[in-house]
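S.K.: Residue-level listing of the chains:
Number of protein chains: 2
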Amino acid sequence: MNVVNVELAERSYPIFVGAGLREQLDALLGEYLKDRSVFLVTDSNLEKLYLESVAGKLSAVSHSVHTCVFPAGETSKQLSTIEMICRKGVKAGLDRRSVFIALGGGVCGDMTGFSAAIYMRGTRFVQLPTSLLAMVDSSVGGKTGVDLPEGKNLIGAFFQPEAVVIDTDFLKTLPARELSCGYAELIKTAVILDGTLFDMLEKHARDLLNLADAERVSEAVSRCCALKARIVSADEKESSLRAILNYGHTFGHAIESVTGYSLVEHGEGVAIGMCVAAELAVSLGLISGETAARQESLLKTFALPVSIPAGYSAEAIFKAMGTDKKNSGGRLKLILPEEIGRAGIYTDVPVEKIMNAIRKRIGK
Amino acid sequence: MNVVNVELAERSYPIFVGAGLREQLDALLGEYLKDRSVFLVTDSNLEKLYLESVAGKLSAVSHSVHTCVFPAGETSKQLSTIEMICRKGVKAGLDRRSVFIALGGGVCGDMTGFSAAIYMRGTRFVQLPTSLLAMVDSSVGGKTGVDLPEGKNLIGAFFQPEAVVIDTDFLKTLPARELSCGYAELIKTAVILDGTLFDMLEKHARDLLNLADAERVSEAVSRCCALKARIVSADEKESSLRAILNYGHTFGHAIESVTGYSLVEHGEGVAIGMCVAAELAVSLGLISGETAARQESLLKTFALPVSIPAGYSAEAIFKAMGTDKKNSGGRLKLILPEEIGRAGIYTDVPVEKIMNAIRKRIGK
Numbered sequence: 001m002n003v004v005n006v007e008l009a010e011r012s013y014p015i016f017v018g019a020g021l022r023e024q025l026d027a028l029l030g031e032y033l034k035d036r037s038v039f040l041v042t043d044s045n046l047e048k049l050y051l052e053s054v055a056g057k058l059s060a061v062s063h064s065v066h067t068c069v070f071p072a073g074e075t076s077k078q079l080s081t082i083e084m085i086c087r088k089g090v091k092a093g094l095d096r097r098s099v100f101i102a103l104g105g106g107v108c109g110d111m112t113g114f115s116a117a118i119y120m121r122g123t124r125f126v127q128l129p130t131s132l133l134a135m136v137d138s139s140v141g142g143k144t145g146v147d148l149p150e151g152k153n154l155i156g157a158f159f160q161p162e163a164v165v166i167d168t169d170f171l172k173t174l175p176a177r178e179l180s181c182g183y184a185e186l187i188k189t190a191v192i193l194d195g196t197l198f199d200m201l202e203k204h205a206r207d208l209l210n211l212a213d214a215e216r217v218s219e220a221v222s223r224c225c226a227l228k229a230r231i232v233s234a235d236e237k238e239s240s241l242r243a244i245l246n247y248g249h250t251f252g253h254a255i256e257s258v259t260g261y262s263l264v265e266h267g268e269g270v271a272i273g274m275c276v277a278a279e280l281a282v283s284l285g286l287i288s289g290e291t292a293a294r295q296e297s298l299l300k301t302f303a304l305p306v307s308i309p310a311g312y313s314a315e316a317i318f319k320a321m322g323t324d325k326k327n328s329g330g331r332l333k334l335i336l337p338e339e340i341g342r343a344g345i346y347t348d349v350p351v352e353k354i355m356n357a358i359r360k361r362i363g364k
Numbered sequence: 001m002n003v004v005n006v007e008l009a010e011r012s013y014p015i016f017v018g019a020g021l022r023e024q025l026d027a028l029l030g031e032y033l034k035d036r037s038v039f040l041v042t043d044s045n046l047e048k049l050y051l052e053s054v055a056g057k058l059s060a061v062s063h064s065v066h067t068c069v070f071p072a073g074e075t076s077k078q079l080s081t082i083e084m085i086c087r088k089g090v091k092a093g094l095d096r097r098s099v100f101i102a103l104g105g106g107v108c109g110d111m112t113g114f115s116a117a118i119y120m121r122g123t124r125f126v127q128l129p130t131s132l133l134a135m136v137d138s139s140v141g142g143k144t145g146v147d148l149p150e151g152k153n154l155i156g157a158f159f160q161p162e163a164v165v166i167d168t169d170f171l172k173t174l175p176a177r178e179l180s181c182g183y184a185e186l187i188k189t190a191v192i193l194d195g196t197l198f199d200m201l202e203k204h205a206r207d208l209l210n211l212a213d214a215e216r217v218s219e220a221v222s223r224c225c226a227l228k229a230r231i232v233s234a235d236e237k238e239s240s241l242r243a244i245l246n247y248g249h250t251f252g253h254a255i256e257s258v259t260g261y262s263l264v265e266h267g268e269g270v271a272i273g274m275c276v277a278a279e280l281a282v283s284l285g286l287i288s289g290e291t292a293a294r295q296e297s298l299l300k301t302f303a304l305p306v307s308i309p310a311g312y313s314a315e316a317i318f319k320a321m322g323t324d325k326k327n328s329g330g331r332l333k334l335i336l337p338e339e340i341g342r343a344g345i346y347t348d349v350p351v352e353k354i355m356n357a358i359r360k361r362i363g364k
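In the order they appear, the protein sequences are chains A and B. Per my numbering, the first sequence starts with residue 1, numbered consecutively. Per my numbering, the second sequence starts with residue 1, numbered consecutively.
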């Protein structure tokens, strides 16, 4: 088992990473849960696979376990589901000492965390991420929230969990496409922060994608969490440094948005967004064409898309970038690679250069 | 003008108190607002009275002013209104640097503050309270939120404003019953924290209730804010000390709840709750009957009710106290007076004593 500590003063917490950790929930969380009520929240897919066994483990070590299931899918990620979760919590008699536990992917973690953040103005939160994206992305940073019809994650809170338990065995039941999406986040983190992690991903791509080497998967996940934790510790509320983690996201969100959030998964949007950003970085002379090609090649190896679906206009994508909440004071903030392992924040990129980079990646 | 500073480290903020301050909004907030967009939120009653003039003042000193009006009344205080406010904010192009300004009473402040807390995971918030209760209660403490069908304020956040501007002239258009409700909060604060404020309220009751002496009203409001600020500074998240401010509230909320949130206003519930608490304190030998009578007399002078409406059972009220979120771990926490100017927290009061105190105040 690997342990990553996310250092955030009095809100610091551990991330436990390893294969089969859900069998050790009693040992890992028992002391913390022993006189608390647990509110285990999951979606309708994971309910069938894991709810009973996880609830059983938690029952053995907590005051009581209550469960809540919402319909699987991003369309559940809205305020009405938050209201349902909280009302169910009230009916179960949960108070501020209770612990909300998210058993699921990013949607589940975002909603359970947000519910915990606002339930009686704040209770406790533990994450059991089941998707690779949730393991490496949602587990560090405390970003929680829901979507509005106008855009994703427009409502939410920064709310840190008390602990995260990552059982990489959950990945065995994850659909292949979602597994690839998780690797997009790993590749993104490597490109902006750690060239040696990028090398490792290149070298062991097959084993990682096939989950053939549990040790290697755990290592990749914990290295990614540790890198992200370092950034978040230094800039919890995303005032500056943390923005670097949005590499690929400004373009990615816009692509997800114009394609109606159905054609392109979040991780795929990020993968395409990274390719657009690299295209732009090449045109600005920040990186070589070879570096951009190396990133593109690794994304392809992990079965990720590298171009915008044909039929969408650069204008529409550019416009959709405007409502991304990372843009403050009306200026577009772009994260661009400077080499494999390093990226920078750029705010004065000429619009025409951005448009050209988008155009070059449409239907490629 | 009086200024009360609420000391909360990097979240400290000033409260400006005085007659006619809404005419000085440009001077008070101009420097802060000059390159920010303002989102001015109010209810359908205050819209007619003040929205245009306040928006005009703010327009002169900010980047832009957008407005949002919701239907007046506690029934608006729900998540669907928060969603409406936030969606309107997105459509207006507001970002994380924008400032949400609440022009209104407690409902408006609670909802605007909560919207600001969760809009893009947190923007800015300024309060212009128009009711006496909002001036002395909501202006200090950062409690924001909405109701659920299961109970009041069950969803929310602790979120501090950047500044509060209290123009006591707003009280001139406040209905008499609401003015009395505000004074209930002042009397409550005096009973638990400051005997000399209680003396002052006794001595100048008529002038305060008639708003005949603007200086005196400002003094009472700022003294109450300062007392509350001292407590909140020491215990922002209500882990212990701050609970003292809930004097009258546990009984009060239960009375509001069983009477269906229509018969009894919040301030009236608190007034009645204080009488129940005093009754209980007398029976426990904490205070004399004379002290309880003095509190009751002052509440009556300010046209406040001092007994539970006839026809409701003590059992129902006691049961309703159980879902009050201030009760952690299943133990009922009661705030009881120890003299005029001092109160304590009690967790082991025999149920029969509580029931008797409730019974004694029904239909009295």
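Please note: incorrect hints may appear among the correct ones.
Now the in silico label distances, taken between C-beta atoms and shown as ranges [to be verified]: (1) S59/B / Q78/A: 32 to 40 Å; (2) R11/B / A92/A: 40 to 48 Å; (3) V351/A / R97/B: 17 to 25 Å; (4) A92/A / S12/B: 54 to 62 Å; (5) S12/B / G20/A: 16 to 24 Å; (6) R11/B / E315/A: 39 to 47 Å; (7) E315/A / M1/B: 47 to 55 Å.
Partial pick of chain B residues on the chain A-facing surface, computed with a CB cut under 10 Å [stated by the list, open to error]: (8) F16; (9) L49; (10) Y50; (11) L148; (12) L211; (13) Y312.
Straight-line Cα separation of at most 25 Å, DSS-like style, residue types lysine-lysine; simulated pairs [stated by the list, open to error]: (14) K172/B / K237/A; (15) K152/B / K57/B; (16) K237/A / K91/B; (17) K88/A / K57/A; (18) K203/A / K152/A; (19) K34/B / K88/A; (20) K48/B / K91/A; (21) K91/A / K360/B; (22) K91/A / K34/A; (23) K319/B / K88/A; (24) K172/A / K152/A; (25) K333/B / K34/A; (26) K152/B / K34/A; (27) K300/B / K319/A; (28) K300/B / K360/B; (29) K91/A / K152/B; (30) K333/B / K333/A; (31) K91/B / K57/B; (32) K88/B / K77/A; (33) K237/B / K237/A; (34) K300/B / K91/A; (35) K333/A / K172/B; (36) K88/B / K152/A; (37) K88/A / K152/B; (38) K77/B / K88/A; (39) K152/A / K91/B; (40) K237/A / K88/B.
These aren't lab readings, by the way, just hints derived from the structure by calculation. Glycine is no exception: its CB is placed at the ideal position from the N, C-alpha and C atoms.
S.K.: Each hint: holds or not?
M.R.: Hint check results:
| no. | hint | result |
| --- | --- | --- |
| 1 | S59/B / Q78/A: 32 to 40 Å | holds (34 Å) |
| 2 | R11/B / A92/A: 40 to 48 Å | violated (32 Å) |
| 3 | V351/A / R97/B: 17 to 25 Å | holds (22 Å) |
| 4 | A92/A / S12/B: 54 to 62 Å | violated (38 Å) |
| 5 | S12/B / G20/A: 16 to 24 Å | violated (48 Å) |
| 6 | R11/B / E315/A: 39 to 47 Å | holds (42 Å) |
| 7 | E315/A / M1/B: 47 to 55 Å | holds (52 Å) |
| 8 | F16 | violated (26 Å) |
| 9 | L49 | violated (30 Å) |
| 10 | Y50 | violated (28 Å) |
| 11 | L148 | holds (6 Å) |
| 12 | L211 | violated (33 Å) |
| 13 | Y312 | violated (22 Å) |
| 14 | K172/B / K237/A | violated (41 Å) |
| 15 | K152/B / K57/B | violated (34 Å) |
| 16 | K237/A / K91/B | holds (24 Å) |
| 17 | K88/A / K57/A | holds (22 Å) |
| 18 | K203/A / K152/A | violated (35 Å) |
| 19 | K34/B / K88/A | violated (44 Å) |
| 20 | K48/B / K91/A | violated (40 Å) |
| 21 | K91/A / K360/B | violated (30 Å) |
| 22 | K91/A / K34/A | holds (21 Å) |
| 23 | K319/B / K88/A | holds (19 Å) |
| 24 | K172/A / K152/A | violated (28 Å) |
| 25 | K333/B / K34/A | holds (22 Å) |
| 26 | K152/B / K34/A | violated (29 Å) |
| 27 | K300/B / K319/A | violated (61 Å) |
| 28 | K300/B / K360/B | holds (17 Å) |
| 29 | K91/A / K152/B | holds (14 Å) |
| 30 | K333/B / K333/A | violated (50 Å) |
| 31 | K91/B / K57/B | holds (23 Å) |
| 32 | K88/B / K77/A | holds (19 Å) |
| 33 | K237/B / K237/A | holds (19 Å) |
| 34 | K300/B / K91/A | violated (37 Å) |
| 35 | K333/A / K172/B | violated (48 Å) |
| 36 | K88/B / K152/A | holds (15 Å) |
| 37 | K88/A / K152/B | holds (15 Å) |
| 38 | K77/B / K88/A | holds (19 Å) |
| 39 | K152/A / K91/B | holds (14 Å) |
| 40 | K237/A / K88/B | holds (24 Å) |
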